[in-house]
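Construct all of the structure, not just a fragment, from the sequences and the given hints.
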Amino acid sequence: MDHTSNNERLGFVKKDHLILAICGLAVFALVAFVFYDSARPEWQTYQTEFRDLVEEKFGPERANSVPAGIQQVYVRELGRADRCITCHMGVVWKGLESAPEPYRTHPKEIIDKHPIEKFGCTSCHGGQGYATVTEAAHGPLEQWEEPLLGSRMGEFYVLNDKQALMQMNCNSCHRYDRETKGASFINRGKQIVSERGCRACHAINGRGGTVGPDLTSEGSKAPDQFNYERIKGFHSEFTWHVTHFKSPKELVPETVMPSFGFSSADAQALAILVMSWKKETIPLAYLPNHNVRDVPTVEEKAKEERMLSGPGAFFVKKNCFVCHSVSTLGIDAAAQIGPDLALAVTDVQSRFGRTLDDFLFKPTGTMEVVLSTMISLSPDERREAIEKLRYANQLKQQEVAETAKKKK
Amino acid sequence: MNVTASLRSLYRKLTWTWNPQSDKEAGDAIVKNLLLHWFPNKITKGSLSWGYSFYLGTISFVLLVILVVTGVILMFLYVPSVERAYATVKDIEFTVSFGWVLRAMHRIAAHLMVATVFLHMVRVFLTGAYKNGSSVGAARPLNWIVGIVLLILTLLLSFTGYLLPWDQLAYWAITVGTNIASAAPLVGKSLRFFLLGGSEIDQNALIRFYVLHVVFLPGLLFLLFSYHMWRVRKDGGLAIVDHEALQQTTEQAAPVKAKTYSLLGITGQTSVHVRTAVVDEEKNSVPSAPNLARRVWLVTLLTFAVVLALSLVFRAPLESPANPSVTPNPAKAPWYFLWLQEIVTITTVSIGSFTVNGAFVGGVLLPGVLIILALWWPFRDRTGVNAVGVWFAPERRWQNRVFIAICLLIIIFTFVGTFMRGPYWTLFWPWESWPEMPVKF
Chain A
58 MDHTSNNERL
68 GFVKKDHLIL
78 AICGLAVFAL
88 VAFVFYDSAR
98 PEWQTYQTEF
108 RDLVEEKFGP
118 ERANSVPAGI
128 QQVYVRELGR
138 ADRCITCHMG
148 VVWKGLESAP
158 EPYRTHPKEI
168 IDKHPIEKFG
178 CTSCHGGQGY
188 ATVTEAAHGP
198 LEQWEEPLLG
208 SRMGEFYVLN
218 DKQALMQMNC
228 NSCHRYDRET
238 KGASFINRGK
248 QIVSERGCRA
258 CHAINGRGGT
268 VGPDLTSEGS
278 KAPDQFNYER
288 IKGFHSEFTW
298 HVTHFKSPKE
308 LVPETVMPSF
318 GFSSADAQAL
328 AILVMSWKKE
338 TIPLAYLPNH
348 NVRDVPTVEE
358 KAKEERMLSG
368 PGAFFVKKNC
378 FVCHSVSTLG
388 IDAAAQIGPD
398 LALAVTDVQS
408 RFGRTLDDFL
418 FKPTGTMEVV
428 LSTMISLSPD
438 ERREAIEKLR
448 YANQLKQQEV
458 AETAKKKK
Chain V
26 MNVTASLRSL
36 YRKLTWTWNP
46 QSDKEAGDAI
56 VKNLLLHWFP
66 NKITKGSLSW
76 GYSFYLGTIS
86 FVLLVILVVT
96 GVILMFLYVP
106 SVERAYATVK
116 DIEFTVSFGW
126 VLRAMHRIAA
136 HLMVATVFLH
146 MVRVFLTGAY
156 KNGSSVGAAR
166 PLNWIVGIVL
176 LILTLLLSFT
186 GYLLPWDQLA
196 YWAITVGTNI
206 ASAAPLVGKS
216 LRFFLLGGSE
226 IDQNALIRFY
236 VLHVVFLPGL
246 LFLLFSYHMW
256 RVRKDGGLAI
266 VDHEALQQTT
276 EQAAPVKAKT
286 YSLLGITGQT
296 SVHVRTAVVD
306 EEKNSVPSAP
316 NLARRVWLVT
326 LLTFAVVLAL
336 SLVFRAPLES
346 PANPSVTPNP
356 AKAPWYFLWL
366 QEIVTITTVS
376 IGSFTVNGAF
386 VGGVLLPGVL
396 IILALWWPFR
406 DRTGVNAVGV
416 WFAPERRWQN
426 RVFIAICLLI
436 IIFTFVGTFM
446 RGPYWTLFWP
456 WESWPEMPVK
466 F
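Here the protein sequences come in this chain order: A and V. Counting from 58, one number per residue, gives the positions in the first sequence under my numbering. Counting from 26, one number per residue, gives the positions in the second sequence under my numbering.
Note that these hints are calculated values from the structure, not bench results. We put the beta carbon where it would ideally sit given N, CA and C, even for glycine. Certain hints may be false.
Calculated pairs, DSS-like style, for lysine-lysine (alpha carbon to alpha carbon, straight line, at most 30 Å) [stated by the list, open to error]:
| hint | chain 1 | residue 1 | chain 2 | residue 2 |
| --- | --- | --- | --- | --- |
| 1 | A | K72 | V | K38 |
| 2 | A | K445 | A | K360 |
| 3 | V | K49 | A | K289 |
| 4 | A | K72 | V | K57 |
| 5 | A | K71 | V | K465 |
| 6 | A | K335 | V | K357 |
| 7 | A | K72 | V | K357 |
| 8 | V | K49 | A | K71 |
| 9 | V | K357 | A | K278 |
| 10 | V | K357 | A | K336 |
| 11 | A | K71 | V | K57 |
| 12 | A | K71 | V | K308 |
| 13 | V | K465 | A | K170 |
| 14 | A | K306 | V | K308 |
| 15 | A | K336 | V | K465 |
| 16 | A | K289 | V | K357 |
| 17 | V | K308 | A | K72 |
| 18 | A | K278 | V | K465 |
| 19 | A | K335 | V | K465 |
Which chain V residues stay away from chain A? Per the calculated CB distances, all over 12 Å, these [what the hints assert, rightly or not]:
| hint | residue |
| --- | --- |
| 20 | S34 |
| 21 | G162 |
| 22 | G213 |
| 23 | S215 |
| 24 | E225 |
| 25 | V236 |
| 26 | R258 |
| 27 | G293 |
| 28 | P392 |
| 29 | V410 |
| 30 | W454 |
| 31 | M462 |
Printed below as a string of structure tokens:
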């Protein structure tokens, strides 16, 4: 049988040759596209522009010293490889302070204290350091939880200081500082925490009350661990915190957290602060003064001891002091949302038309909720409370009498 | 001899097996070329036809080759450690030259291979190709069993590869998968411990899955694949050959010329005139070199082109780093196990005080029953030789209907699990959009 004529008899051979040719061309075209695509990465355009800028400003010699290719800062201690400087080439250059982004020199004061070799970029700025394309590097994107905390994000959340969200990352290391230079939102948040006595209910940095949830690792919660049913519009953890700080009951009707009437700026400052409280391991060398604990000040400690050992200790132990001061027994309320209990004996009578004994055994209104959910008092303890409040009232009467005398 | 002629002769020496000029050369090509040695000398037109086999086995093999080549390159770049795995995959995506395309191709080829191996099994069942025909020494049921094991190995290879990037998708798919495995009676808990190398998904689990993925399972797969191919030859080629043999008729052919011969000059004679019968099989056969070889090249190029094109369109996603304390919503197994996850959901019901353990039903009982049924079926199927190597043989009508129904259910449940199960595992129609999940900022 003749081999060639045999092939000719087969109708499929010609067709096979044709399909083979088409497939071959398709493979060639696709491979060519891959090469073409990878031969002109986005960062190359920025590097060319940067070189032109340097040449224009400093002459061709310095332009030749501009590195080419993907650049990165690798910080072993923090496990970060930040490739931001592939495009942001001017970060450590002098004399490009007024150049357009991404070529501008980094503000000097802050980078002097936080050298790029030690901190990288993303530990402060957020974003995806691994990425070598703008979209993936800056975010926000679904697959990367930490977008660049820059002015675009700040504008979106209408912050007074567009860069303020970044302070969240400052507080990773500066967590135990009382005050951090330049971190105005974090400082304001910390000031509120101390003034409003958040610790009366919440544990913060491992220290505080147990009435409310522990906030030590609040920032490590996932966004979907919050309930957004009552939030209209964009659902983000940051929005949740801001809304919640402004009006806790609006988001969580059953909450006992009082509304403090925070301004938007204060609520934002607090949201930034609580979201900065992450569960993360920071190398000791990165913590300012190697400070690894949130230590109360001498005054705070003295006050705490005074309250716990004084005649009003009962009201601290039973958490009454979260809302109520008992001024004559030396108890200072943390949140100061309830009336001073030194006046309770007369106050209850005038408000509810009932005696204190009667009221405490059969409370109404807010106190009914509080005494049936958060604070449980046995009948003996209720009697003890009444006795102590009577004593506090006596002291108050004496005090009033004395002041009246002095005035005379 | 001038240079051109010697070059031409050298080229011919190197390539003649791919383009034989005579039937003799075509036969020699099969013997002398390593790549062609697993082909038969001649192949029937039916075996070559697109419509019989759809070349699904060939496509699966080409995908396997793509997976091995891209996989070996990825092995140079990937570090199987909990601390570094994620970062190395990010590096492959962003800084390694062509890293992203290698990874995307590896992923697409893996997904496609699961699909083509499954479709190959469907084809073999619907053509009754697991049945022995008339050829001597055939053991097609055995090769069907080997095929089922190869399908399971393919699924396991894909599943073990799923964990390696150490991102949220990986971590939680393995969580779902190993939790289902732990629903096996008696050995469940130990099985999960054995799979993970501990009670938590951590470094031990990662290195176990890595070694399984790059050494153990591929080794086993190649061993069984070689045997699978060898058996195809031993079983007389594709089952359609047996079907063609049934149809063949003998016809008178011209008598072969008588030959005069001598033996060492001692004796000599003229042979007898023989009248032979040419059978259709011979008439319908063509040399494998270059006809089958050309087809295989064609399928190879086509598969490669499709994989590369899909890789350019669907970039391999990488989610946030694995975080045991944050569960994605919904947490899903890999897509080819979603029909099982769907059945787990459906069968987790309480009737009064009696609770059905869905993980056991969907994760252990049902796949177990299906596998045993598949292994046993060739021995149960007693239809005749007419039902071998032919699509939808009337004799096998009912088995084919039941088989198609089971496959359709698997495909439908897979679709539902993949595209219709949204956050909180709620059912959404394909045209309904899922609620937007909250983000950090």
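Each hint tested on the structure:
1. Distance hint between A:K72 and V:K38 is fulfilled; the C-alpha atoms sit about 27 Å from each other, no more than 30 Å.
2. Distance restraint check for A:K445 and A:K360: the Cα-Cα separation of roughly 20 Å lies within the 30 Å cut-off, and the hinted pair is therefore satisfied.
3. Distance check on the hinted pair: V:K49 and A:K289 sit about 80 Å apart at the alpha-carbon level, beyond 30 Å; violated.
4. As the CA atoms of A:K72 and V:K57 are separated by approximately 28 Å, the hinted pair is consistent with the 30 Å bound.
5. Among the hinted pairs, A:K71 with V:K465 is inconsistent with the structure: their alpha-carbon atoms are about 60 Å apart, more than 30 Å.
6. Restraint check: the Cα-Cα separation between A:K335 and V:K357 comes to about 27 Å, which is no more than 30 Å; the hinted pair holds.
7. For the hint pairing A:K72 with V:K357, the CA-to-CA distance comes to about 44 Å; that exceeds 30 Å, so the pair is violated.
8. Distance restraint check for V:K49 and A:K71: the Cα-Cα separation of roughly 22 Å lies within the 30 Å cut-off, and the hinted pair is therefore satisfied.
9. For the hint linking V:K357 to A:K278, the alpha-carbon distance of about 21 Å falls within 30 Å, and the restraint holds.
10. As the CA atoms of V:K357 and A:K336 are separated by approximately 26 Å, the hinted pair is consistent with the 30 Å bound.
11. At roughly 26 Å between alpha-carbon atoms, A:K71 and V:K57 fall within 30 Å of each other, so this suggested pair holds.
12. For the proposed pair A:K71 and V:K308, the alpha carbon gap of about 20 Å is at most 30 Å, so the pair holds.
13. Restraint check: the Cα-Cα separation between V:K465 and A:K170 comes to about 29 Å, which is no more than 30 Å; the hinted pair holds.
14. About 87 Å separates the Cα atoms of A:K306 and V:K308, which puts this hinted pair outside 30 Å; it is violated.
15. Our distance criterion of 30 Å between C-alpha atoms is met by A:K336 and V:K465, whose separation comes to about 16 Å.
16. With a C-alpha separation of about 29 Å, the suggested pair A:K289 and V:K357 falls inside the 30 Å cut-off, and the hint holds.
17. At roughly 21 Å between alpha-carbon atoms, V:K308 and A:K72 fall within 30 Å of each other, so this suggested pair holds.
18. For the given pair, A:K278 sits about 9 Å from V:K465 by alpha-carbon distance, which is consistent with the 30 Å threshold.
19. For the hint pairing A:K335 with V:K465, the CA-to-CA distance comes to about 13 Å; that is within 30 Å, so the pair holds.
20. At the 12 Å boundary, the C-beta of V:S34 stays outside the reach of chain A, the nearest C-beta of that chain being 20 Å off.
21. For V:G162, the shortest C-beta to C-beta distance to chain A comes to about 28 Å, beyond the 12 Å cut-off, and the non-interface label holds.
22. Interface exclusion of V:G213 from chain A stands, the closest Cβ pair being 29 Å apart, more than 12 Å.
23. At roughly 32 Å from the closest C-beta of chain A, the C-beta of V:S215 stays outside 12 Å, upholding its exclusion from the interface.
24. Even its closest Cβ contact with chain A, about 17 Å, leaves V:E225 beyond 12 Å, as expected for a residue assigned away from the interface.
25. Against chain A, the non-interface label of V:V236 holds: every CB pair exceeds 12 Å, the least being about 25 Å.
26. Every C-beta of chain A lies more than 12 Å from that of V:R258, the closest at about 23 Å, which supports listing it as non-interface.
27. Distance check on V:G293: its Cβ is at least 29 Å (rounded) from any Cβ of chain A, clearing the 12 Å threshold; non-interface status holds.
28. Look at V:P392: its CB is around 31 Å from the nearest CB on chain A, clear of 12 Å, so calling it non-interface holds up.
29. For V:V410, the requirement that its beta carbon stay farther than 12 Å from each beta carbon of chain A is met, with the minimum near 28 Å.
30. Interface exclusion of V:W454 from chain A stands, the closest Cβ pair being 22 Å apart, more than 12 Å.
31. Non-interface call for V:M462 relative to chain A: violated, since the shortest CB-CB distance, roughly 6 Å, does not exceed 12 Å.
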